[in-house]
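Chain by chain, the residues run as shown.
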Amino acid sequence: MFQIEFSDTGTVVIHGRLDAAQAARAQEFLDEIADRCILDLAKLEYISSAGLGVLLRTHKRLMSGGEGLRLINVSNHINDIFMYSGFDKLFRIEVADPGPRSQ
Amino acid sequence: MRRKFSRSFDEIKEMVSFTDEFFKTHDIDNSIRYVVDLCMEELFVNMVTYDKETDADILLEMSPHEHGVQVSLTDFDVDRFDPRGIRPVDINAPLEQRTPGGLGLYLVLKMVDSIHYEYRNRTSKITFVAGGK
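These protein sequence lines are chains A and B, in that order.
Heads up: the first sequence begins at 1 in my numbering, then just goes up one per residue.
Heads up: the second sequence begins at 1001 in my numbering, then just goes up one per residue.
One chain only, chain A, in its complex shape (with noise of 0.2 angstroms):
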């Protein structure tokens, strides 16, 4: 189930899957952003070439003004994702923590 929502620090989650059937939701939510931004993608499991689309729009519009978007917490299939796209020479991203290695 896909969600987007600011967090009680300010930074834009996103849960579940960004997909085509939710990247107008998306557009619509973060269009509202004026600002630098941080999203935590802790929660996204799943983005396809419309969510990516909704990334790189909004990242466009807000660097002509500032900063533009952070890519937080990013998991690793998210990120191969980014980096097959060249998302990854765009973006500011931060990789999630893997946690501790498991024996």
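Please keep in mind that the hints were generated in silico from the structure rather than gathered at the bench.
Hints may be right or wrong, so weigh each one.
Claimed, not checked - Keeping only pairs whose Cα atoms sit at most 25 angstroms apart, straight-line, the calculated BS3-like set for lysine-lysine is: (1) B:K1110 with B:K1013; (2) B:K1110 with A:K89; (3) A:K43 with B:K1013; (4) B:K1052 with B:K1013.
Knowing the structure of chain A, use the given hints to seat chain B on it.
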């Protein structure tokens, strides 16, 4: 397994449920799930977005293939469109030159193990294999 889906992005949720069922039934390794979901969605969205001259449902078929999955999407009564011929996206382009369009099929071609296209009697069928190696 096969099922038809209407030409709406709202169907993606049902396609994901269909894929859940297929992976469970055939005990498919979940490590290839992302590739299957992404490629299936990108191809479906492309058909829905660009093949506007028909309102026929799109047929989705999945079958086990060696260690992975073979997935086909068939679109009826449409013009020919071979996704293998798309222009590549320049992923090294600076931000001002990047546009959201074109990434979907680019990712499909990048992520699948193989992709095949057939066009006959105005029926367009795209088949890909994920995790088959």
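Evaluated hints:
Taking the CA atoms of K1110 of chain B and K1013 of chain B, the gap is near 24 angstroms; set against the 25 angstroms cutoff, the hint holds. The hinted pair formed by K1110 of chain B and K89 of chain A meets the criterion: a straight-line CA distance of about 18 angstroms does not exceed 25 angstroms. Straight-line distance between C-alpha atoms of K43 of chain A and K1013 of chain B comes to about 18 angstroms, which keeps the hinted pair within the 25 angstroms bound. Between K1052 of chain B and K1013 of chain B the alpha-carbon distance is near 21 angstroms, which keeps this suggested pair within the 25 angstroms criterion.
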